[in-house]
Amino acid sequence: MVTAGLVALLLVTATMAGTVGSVAVPAEEVWRIVLHRLHPSLATADWPPVRETIVMDVRLPRALLCAVVGAGLSVTGMALQALVRNPLADPMLLGVSSGANVGAVLVLVLNVSLFGMFSLTLAAFTGALAALVAVYFLARTGGRMTTVRLVLAGVATAEVLSAVASLIVVTSDDPRRAQSALRWMLGGLAGTTWDLVWIPSAAVLLGTVVLLGCTRPLNLLLAGEEAAAALGLDVHRFRSALFVLVALMIGTMVAVSGQIGFVGLVMPHMVRLLVGADHRRALPAAALLGASFLIAADLAARTVIAPEEIPVGILTALVGGPFFLWLMRRRAR
Amino acid sequence: MNAAPEPLEFAEVRVTVRGRALVDGVSLRVRPGELVALAGPNGAGKSTLLRTCYRALRPTGGRVLLGGDDVWRMPGRALARRMAAVLQEGGGDFDLTVYDVAAMGRTPHKRSFEGDGETDRAVITDALAALGVAGLAGAPFSSLSGGEKQRVLIARAVAQRAGTMVLDEPTNHLDLRHQRDTLTLVRRLGVTALVALHDLNLAAAFCDRVCVMDGGRLVAAGTPAEVLTSELLAGVYGVEAEVTEHPRTGRPQIVLLTGPPGGPGPG
Chain A
1426 MVTAGLVALL LVTATMAGTV GSVAVPAEEV WRIVLHRLHP SLATADWPPV
1476 RETIVMDVRL PRALLCAVVG AGLSVTGMAL QALVRNPLAD PMLLGVSSGA
1526 NVGAVLVLVL NVSLFGMFSL TLAAFTGALA ALVAVYFLAR TGGRMTTVRL
1576 VLAGVATAEV LSAVASLIVV TSDDPRRAQS ALRWMLGGLA GTTWDLVWIP
1626 SAAVLLGTVV LLGCTRPLNL LLAGEEAAAA LGLDVHRFRS ALFVLVALMI
1676 GTMVAVSGQI GFVGLVMPHM VRLLVGADHR RALPAAALLG ASFLIAADLA
1726 ARTVIAPEEI PVGILTALVG GPFFLWLMRR RAR
Chain B
602 MNAAPEPLEF AEVRVTVRGR ALVDGVSLRV RPGELVALAG PNGAGKSTLL
652 RTCYRALRPT GGRVLLGGDD VWRMPGRALA RRMAAVLQEG GGDFDLTVYD
702 VAAMGRTPHK RSFEGDGETD RAVITDALAA LGVAGLAGAP FSSLSGGEKQ
752 RVLIARAVAQ RAGTMVLDEP TNHLDLRHQR DTLTLVRRLG VTALVALHDL
802 NLAAAFCDRV CVMDGGRLVA AGTPAEVLTS ELLAGVYGVE AEVTEHPRTG
852 RPQIVLLTGP PGGPGPG
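Those protein sequences? They're chains A and B, same order as listed.
Here the first sequence stands for residues 1426 to 1758, numbered as in the numbering used here.
Here the second sequence stands for residues 602 to 868, numbered as in the numbering used here.
No lab work stands behind these hints: they were computed from the structure.
Hints are supplied without guarantee of correctness; some may be wrong.
Unchecked claim - Below are the SDA-like pairs computed for lysine to any residue, each with C-alpha atoms no more than 20 Å apart in a straight line:
(1) B:K711 with A:R1705
(2) B:K711 with B:Q854
(3) B:K750 with A:L1513
(4) B:K750 with B:A730
(5) B:K711 with A:T1640
(6) B:K711 with A:R1706
(7) B:K711 with A:L1637
(8) B:K750 with B:K711
(9) B:K711 with A:F1663
(10) B:K750 with A:V1634
(11) B:K711 with A:G1638
(12) B:K750 with A:E1650
Stated by the list, open to error - Partial list, derived from the structure: chain B residues whose beta carbon lies under 10 Å from chain A:
(13) R652
(14) L680
(15) D701
Quantities reported herein were computed from a predicted structural model and do not represent experimental measurements.
All residues carry an ideal CB built from backbone N, CA and C; glycine is no exception.
Isolated chain A (complex conformation) (with noise of 0.2 Å):
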């Protein structure tokens, strides 16, 4: 029920996102020109070339992306919730979006591109993973890992990691490239095309498959990791094997996206709420809330103050915060 639901909503927020803008497109057309593109015979081209090109090349990549980076940091944000076993969990902490944020300034402000239209997604990725290693090895004392140590180590990482990109961005002698770089670190999907999409869509749809895989496993962390051992969980190498597959799919949207806060602590909350913490119930509705907000908060970025546009981090900021906050309380009543 709920998740017959929550297709919905996202067929909803993707025709809007298809429809609404500076030229629109009324709902029906969009899908028409989806339908045309997809084999020609399923619908005839009546429309002017130019709203097909607004819809295929500029508003539906878009939307795929702000899709994928939605539901890619609600499930990585759900399962690292699981794996340190704290409720305050996101791809913030641990450091990993940090880190992914430090390689991709680095090649804004230095201007690199020994990789071509990679460097971004390359750089980002071996930041992401750097911190988490990192974070890993500073939170291990003596082959034991607690969660407490885990998460005080990532909170240090991240605010080091954070200060190190500003730090980057204001030292920085070209204002043009500085200010991009500022820009980008608000996190935006403003200027996506269909070359953006496929890495991180691949990168997420892969790692969203192997994760619902984990829905038992991650359930028995739930439990506390004794627990989980004694119900046959291999707990260590379990959650080693997860920080990796989490920080390639970080790395990978923080490339395209910059950082988006919020998405990733909110949304597991709200899922909980809808459908129980079980994950095999909360992980594929995680993915698809996820990707239904993250489109409607993306349209409402560019066209509240149109033809500006807010960077979509600020507004999920907005609006996350107030709602977890709101969360908070209700659940200490």
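Got chain A; can you put chain B on it based on the hints?
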């Protein structure tokens, strides 16, 4: 329905943490289908010993064998199908329902992407009913009282349908009736069971044998009547107690003798 009960054997098990021996060479064998109590004062090493067999803590020496197989040399899932554990651990900050928690007991029997079948649901519901918590199935686990949580965690272990069970203080938080019901249930399941218990009268009433640990070592093992004597209680716990044979059950009954008012207890 349950896996066959198997012998559980500790062979010279040793756990040393930072130079301190928490478990110091314990050897003990629980026969198939036998219910054995593990007793001893706080810090005697009971929980530590149990943790070595459900793979939460690797022993620094010796071996733990289930049906002759080293539990640390088999896949975790394979062990969890043969042995279930009831731990002293809560459910955390996440709002899993009582049913969700009990359903985790089916995990070792399931592959990735495999859903719970008809049989699994029946097993989970039966386990909840056996512990008298079926009515709470839809309630958030975190909203339960300590005793109710404890019973749900036991139901989870029951749903594992293993032939051997290890229970760490399962009667903690439980009222008299549920203490009786829980141990009766373990007995009725016919599983090999090793149970850490503080209540020696409970151990005497329900268990085939009692093993007593002190300072990381096994200091006594045998039938309740052999082990639970006033000499042992004085030596291990430092209390004066009178042990009599109960006229109706024939089991030893322990009555703690309080020391003189205001003074330190005898012994």
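Quick rundown of the hints versus the structure:
{"no.": "1", "hint": "B:K711 with A:R1705", "in the structure": "13 Å, holds"}
{"no.": "2", "hint": "B:K711 with B:Q854", "in the structure": "45 Å, violated"}
{"no.": "3", "hint": "B:K750 with A:L1513", "in the structure": "24 Å, violated"}
{"no.": "4", "hint": "B:K750 with B:A730", "in the structure": "14 Å, holds"}
{"no.": "5", "hint": "B:K711 with A:T1640", "in the structure": "11 Å, holds"}
{"no.": "6", "hint": "B:K711 with A:R1706", "in the structure": "16 Å, holds"}
{"no.": "7", "hint": "B:K711 with A:L1637", "in the structure": "14 Å, holds"}
{"no.": "8", "hint": "B:K750 with B:K711", "in the structure": "24 Å, violated"}
{"no.": "9", "hint": "B:K711 with A:F1663", "in the structure": "17 Å, holds"}
{"no.": "10", "hint": "B:K750 with A:V1634", "in the structure": "33 Å, violated"}
{"no.": "11", "hint": "B:K711 with A:G1638", "in the structure": "11 Å, holds"}
{"no.": "12", "hint": "B:K750 with A:E1650", "in the structure": "17 Å, holds"}
{"no.": "13", "hint": "R652", "in the structure": "7 Å, holds"}
{"no.": "14", "hint": "L680", "in the structure": "7 Å, holds"}
{"no.": "15", "hint": "D701", "in the structure": "5 Å, holds"}
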